[in-house]
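With chain A held as given, fit chains B, C and D onto it using these hints.
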Amino acid sequence: MKLKIGLVAAALAAAVGTAQAQDVVKIGQIEAQTGTLATYGWMGHQGANMAISEINAAGGFKVGAKTYKLELISPDTRANPQDALIQLKSMLEQQKAKYVFGPFLTNVFNGIEPYATQNNGKFLLMGGATAIHAQLGTPNRDYLMRTWNWDAGASGFGQLMVDYLKKQGAKKAAMIFQNDAFTKVAVDIYTPIFKQAGIELAVELFEPGTKDFSAPLAKLAAGKPDYLFPGYTDAVLYDIVRQATETGLFKNFFLVRGSMAPGLKNKDLIENYIAYLPKYFEQAEKTEPKVKEFIAKYKAFYKTNDFPYDQAPLCSSSCYDHVYMLVEAMKKAGTVDDVAKVKAALMSTTYNGLWNIRYDATGEAVFDFDVLHMRKGGAISATRVHPK
Amino acid sequence: MLLEVRKLTKRFGGLTAVADVSFGITKGEIVGIFGPNGSGKTTLLNLVAGLMPPTEGDVLWKSAPIQGRPAHEVAASGLVKTFQNPQLFAELTVLEHVHIAAHLALKRRLGWRRLATLLDPDAGNASGALNERAEQIVRLCRLDASRDRLAAEISYGEEKMLGVAMALMCQPELLLLDEPASGLGAAEIENLEAVLRDLKQHGTTLCIIDHKVGFLGRLADRAIGLHHGAKIAEGAPDEVLRNPDVVMAYLGHSRDRI
Amino acid sequence: MGQLILGQLLNGAILGTLYGIIALGVTLTFGITGIVNFALGVFMMLGAYAAWYFTDVAGLPYPLAVPCAVAATALAGLVADQALFRFTRNNLVNGLLVSIGMIAVMESVALLIFTSTPKEMHRVLPGVIEVAGFVLPKMKVAVFGLLLTVILATYAALTRTWIGRAAYAYAQNPEAAALMGVRTERLQTGVVVYSTALAGLGGALYASLYSLEPTLGSLFVLKAVEAAILAGIGSVLGSLFGGVILGITEGVGSIYLPLAFRDVYGLVFLVAILLFKPAGLFAGRK
Amino acid sequence: MNRQAAFFAVTAVVLLLLPLVIKSDVVMTILVFAWLQGMLAVSFNLIFGFTGQLSMFHAAAFGIAGYATHLSMQYLGVGYWTGTVLGALLVSVLSVIVGTICFRFRLKEFYFAVVTLAFSEVARITVVNWNSVTNGTLGINLQEKPWLFGFKVDDTVSWYYLSLVALAVTLLVCSRVVHSWMGRCFSAIRLNDELGDTLGINVFRYKLAAFVVGNFIAAVAGSLYAYYLGSLEPGFLSIDASLGIVAMVLLGGRSSVAAPVVGAVLLVSLPHLIHFSAEVRSIVYGSILILTILLMPQGIYGSIASLLRKRHAS
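Residue numbers (my numbering), protein chains in the order written: chain A, 1 to 388; chain B, 389 to 646; chain C, 647 to 932; chain D, 933 to 1246.
Excised from the complex, chain A in its bound form (with noise of 0.2 Å):
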């Protein structure tokens, strides 16, 4: 019985808390945050929260004669989508949040969306799940907007991403991804993608969790192809760049999500590492003064002399920038409850920050992005794309 009237004191508690604060406006944010999963909404956490307090510590914003503060929701759902749908309730119900960021997974975004579906037009939800590219668009969803570019399309980067391994004279790539959510799209976008560009391609999956490939990758070397297409994250990376380059299997890498750092790690042994990266922060902080300055304050702000170099590009999708395009939107707008408004001004606007993000018309986010390539011995070019 306890319990439950602890139950209840806390909703009374949360209801209360959210009555006084009125020129605040509450940001969430859904996202694991610990466990297996948890790179993309760890770093997503860690950019939209510096967003915030650089925001606040300006003083706020105006929008109109108001000045506002910004707030950040964040809890952990730890990948849980019953957890994620608690606490999305909790922020739409309790805290009044109308604008939240994530979720990354989509598993997560499956276990929420039906009750986001329920609350169309009160709040909206700017996520990265794969799954979210399915549903923008349809009915019941204008609450519902992607922050990571898609794969495949004309502005898809993964079709440019091809493109370029063609000009290298690839004819035949063998894929290695880890089986998951994201895995089973990928393997139905890059099959057609490949295929067009006459470049045949073998496909594996494995298990999450699995740290020794050599069996997979010998299996895969069988077929002679010219291209190892690893995936994606850098938790397998690492393993098998390393694996298939120590004995001779594979030189020639190409990769659409993950970090040049496994490339570096064996530079000596690879003829060829393609990947697509949001940025490449460690070239862009010599060129990009705004890279430059994000790099110092993250630093600053997190007490710690270690950039993420790896993960930051990571920040391109519910992140540092989406923050301010945010706030920018509701500038724009003139309001900062005025969902279906503010989403009108997101869709309308270039935010040139880290990034030069804008909207395509279904409300899935197009950035600019760079093809690096790395040749043996480490020698790097980065090529910038902005996507028409």
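Keep in mind the hints are simulated off the structure, nothing from the lab. Each hint should be verified, as a subset may be incorrect.
Simulated restraints, written as ranges between beta carbons of each label pair [as the list claims (entries may be wrong)]: (1) D:I1171 x C:L650: 28 to 38 Å; (2) D:V1097 x A:N120: 22 to 32 Å; (3) A:F301 x D:R1243: 50 to 60 Å; (4) A:K122 x D:K1084: 15 to 25 Å.
Ideal Cβ placement from N, Cα and C applies to all residues, glycine included.
Below, chains B, C and D alone, put in the same frame as chain A:
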């Protein structure tokens, strides 16, 4: 003939625990099997109760072979055994033990209809009758004083008696008792004898294994002597006890046990 | 194809010794304390990060970093044993749950300290060995040799020394061993700590082959438990063979059958063993 | 006995009236999840706490039922409730198969846990890879909601009542079973199965009965859960999910029928009551688990109950 044992042999690797033993038990009698420690008594009993398969030979229960049949089926057919070291359910009370043992009685009474008692506890009017019988058996075994105590809290004598009580609740036609008197004090043995006599009067057939010859001599109608796994004597208890082979077998070990 | 299979047999055997060293810890702990200690995965993780820290951050040479990492893990094992495991002796379920609680705590601590960015140690022994057409990384061969030595040494110690025989006697019959003067508490603590040290060694060597993340141990320990059961829990050499069999099954299985089902192959094999040879493959060879 | 009855009556009335008092959708959602997880934990405890078999198949039963319900609705065109029954029947058949294998070969304790774990991993990996049917790792969105007596069970309050009734029925069924001759057979198996065997109890049959009944209830819980959440994913069948159920039972207590519900309420609500940073919360969660096991081996419900009994006695 209720039980017939034919040329029963059990070997464990090179060791022959029971060698070519044959005997029979008829309804209503008390048969005592005795022999010094290590003479194969418990193994023989386990073979008879179906707890382990024999290497050779047959055990016929009501003219049907029972070797290799699972213990619960053997028990259900009316052949029930107690353990030398009392086997109990540590967390339960004495009365609860007897209630668990009521399962066979309930099954005999209701068959599959006992599932109906899950919906209606009084279905088939079984529970009342069985509760009464449980109380009766607790009284019969002189356990009424400790009926609500946990098995972990009762004395060793009571533990052994509880084993007998549970076996009785199974309504056995033949009750196999494995050293019921071992470890008991004189008063407890007297008590046990009284209970077993009561049982005989109620028509239960008993087969008792023990190395306490005196105790068996007073109780048994017929005795079987066992040594090194083989039957060395059979007949009226006092005759068997005077049998020179039996005397040798016991004297070869320890005289004070006789 | 034959070349492919033989290559995987070799690689599976090497990977199998890594399963085997953790399985040995599982087997020893189970034999002496009656607990299946899933938290050994945590100690493996500790050993791995410690080895990485001592080499890549503190700058020690790897051959020195490994014993340091093992010592650090054993110390952590001693603390955990005195604070937690001591209270779960011979209680399988509680032991299991305490180890799960411990995994949650330690993985979070590791996440706080090391973040989720994978750590990859600099190459200790780069290059490959080519024998009869098979290409094997030198480090893998070195790890294989080292683990094999440790497992065999443990076996020798258990069969040849007084402490080992005491432990054996205790596993067979705790009461008799206690009567014979075996100091139960000390023996149990000793074995638990030794098992964590083995896990730490496994982790420290793992660090030279694979990238590190906080969850590495809990994934690995499941395989080790599989290997331990496969051989028959309680068998020292069996845990080595169990690991090797598991490694080979997975490696060769992934060539002929879909890779996505890899984890199933080991499990199906395990179930078959448990059903038809419940004491394990190497029962009776203790 | 009367005190106990009064306690349950008061609890029932309070729980029935709760939605009139609590207007928070969040709290109600937590309670719906807690009742459904509670149902799962109570059914698991029938196998674990009462019969003494540490099954790791429970999350599989829970998850498979969700998929089976959805698939029978989609391919057989049946309604939700028929689908649920079909799902539960499928799970029962699978339980009979798995249980028969395990119990025929007399797998006990840890070995039973490992083999059931193996079967549940096979089930999970099958769900992950059988893309054409299960949509693999992407999961399935469930649009339909159950209808009951002409009402669509859609909003949280109606789900609250549905889940509460389902939990109450579960408690009733389990307590009837546990306090009957069958429950006595379960106790016999848990405490000393060899003795039970010689007393004429068919150990195999009653182990299997507990396993099948427990999984059947878990299946119903799984079907309700999936349709309340509105989605299905292979994670339902994971080892973590199975361990979560064990944790609920141990936290609540395994010696009484209702105790696991306490564990379920705690584990479902705790993450939303404690506001620590993500990593710290996981540390707190693990510590709570360890401390409960070491300090309150009877679980929270069991410890409170024995405390009250002591106070009552003195």
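Against the range 22 to 32 Å, how does the distance between the Cβ atoms of V1097 (chain D) and N120 (chain A) compare: consistent or not? 30 Å, holds
Verdict for F301 (chain A), R1243 (chain D) (Cβ pair) under range 50 to 60 Å: 54 Å, holds
28 to 38 Å was suggested as the range; check whether the CB atoms of I1171 (chain D) and L650 (chain C) agree with it. 32 Å, holds
Given the hint of 15 to 25 Å, is the C-beta distance from K122 (chain A) to K1084 (chain D) inside that range or not? 21 Å, holds
Checked against the numbered hints above, the structure violates none of them.
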